[in-house]
Structure formats: structure tokens, C-alpha cells
Amino acid sequence: MMGTKLKQLIICFWITLPFCVTQKAKDRSPRQRDAEFPDKYQTCMQGVPGVQGRDGNPGINGIPGTPGIPGRDGLKGEKGECVSERFEDPWKPNFKQCAWNSLNYGIDLGKIAECTFTKQRSDSALRVLFSGSLRLKCKTACCQRWYFTFNGAELEGLCEGVQAGLVDIGIWVGTCADYPRGDASTGWNSVSRVIIEEMPK
195 MMGTKLKQLI ICFWITLPFC VTQKAKDRSP RQRDAEFPDK YQTCMQGVPG VQGRDGNPGI
255 NGIPGTPGIP GRDGLKGEKG ECVSERFEDP WKPNFKQCAW NSLNYGIDLG KIAECTFTKQ
315 RSDSALRVLF SGSLRLKCKT ACCQRWYFTF NGAELEGLCE GVQAGLVDIG IWVGTCADYP
375 RGDASTGWNS VSRVIIEEMP K
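If you read the sequence shown in the working numbering, its first letter stands for residue 195, the second for the next number, and so on.
Just so you know, not all the hints are guaranteed correct.
Below, simulated EDC-like cross-link-like pairs (lysine to aspartate or glutamate); rule was C-alpha separation at most 16 Å, straight line [claimed, not checked]:
id, residue 1, residue 2
1, K290, E391
2, K286, D317
3, K286, E391
These are calculated hints, taken from the structure and not from any lab test.
Starting from the given sequences, assemble the full structure and let the hints guide the process.
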């Protein structure tokens, strides 16, 4: 009789114990059960890492933004300077000498000699020098003058305004205003030279 009651008590305890454990597990929240899961199964081995995923497709363009507020006009600037640059070839020397041995030209009025020069630029000037003997004889006060012409035009000092190309440079003798003409002679018993040089302005 005692053995039968003990068996019934053990069976009742065996049936009631799982019910109590299950009831306690039901009373816990899902978060508490998830926290207990790793502690219970710590002996499990970690699996092989998975293959890395691919990049996703590019997203669609967003909605265009609204136009901004138009800017205001700035302050008026100061007036600039007009600068013009000239790109030209480097300056090259250009000169010529014409020489005559013993001209002995005894005219008192007219052209004595001529030298042709090739001018390279239109914006340059010409300088002409004469070297030689000049003679003037007079019984009373008289005057003669020697001068140069450029393509027939008499110019003074540095000759400007002559176009590029051939230029005929003449040596002339003439009279002076308000004075009688004398006896002139050019290049007597000597070498006469004309040196022509083209110069930048």
C-alpha cells in the first residue's frame, strides 16, 4: 500500500515539474528568452562566413530643386587703360654707304650725286651723313647751301614718313634766301661719302 502511494506521488511530481518549467518559460518575455539562448548553447561552433553581397543598383535622380533667388548687379568697375601690344620682328641694323673719288663737281645749283637705299619699314626714320670737301668762292658776300632730298622731297633732321622700299637720296647744292649765289665746288681732290642708316622711331 505504501509502495503504491509512493509510485503515485513520483508520477504526479514527474508530470507537474515539466508543467512548472514550461509555465516559467511562458512567463518570460521574448527578449529574455533570446538573451538566455546563447548562454544555453555556447558549445555550438560558428559557421563559415557567407559570401559578401553585391552593391545595389544606383538610385533614381531626386526631384529637381526650386530655382534660387536672382543675384544683384555688382558695383561698376573703374575705367581700364587701353593697351595695344605690337608683335614685330626684332630690329635689324640697316645701313648703306655710297662713295665717290674726286667728284670735282663745280655746279652751283642742282643735283650733285644720288644714292639708292632700300628701306625695310614704313614706321622707321632715315639718318643721312655726308663726309667730303665743300668749297665756296665769292668776291662779295654770297651764300650756298648743300642739302639732301628723299625721293625728290627735301627734309630736315631725321627723315620720317618715307614708305618702305627703294628711296633715292640725292645730294644737292642751292642758293640761300636774300644772298647772291657764289662759286661752289663739291668733292675737290678728296673722297666724298654718304652714309644712310635706318633707325627705329
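We went through each hint and held it up to the structure:
| no. | hint | in the structure |
| --- | --- | --- |
| 1 | K290 with E391 | 7 Å, holds |
| 2 | K286 with D317 | 14 Å, holds |
| 3 | K286 with E391 | 11 Å, holds |
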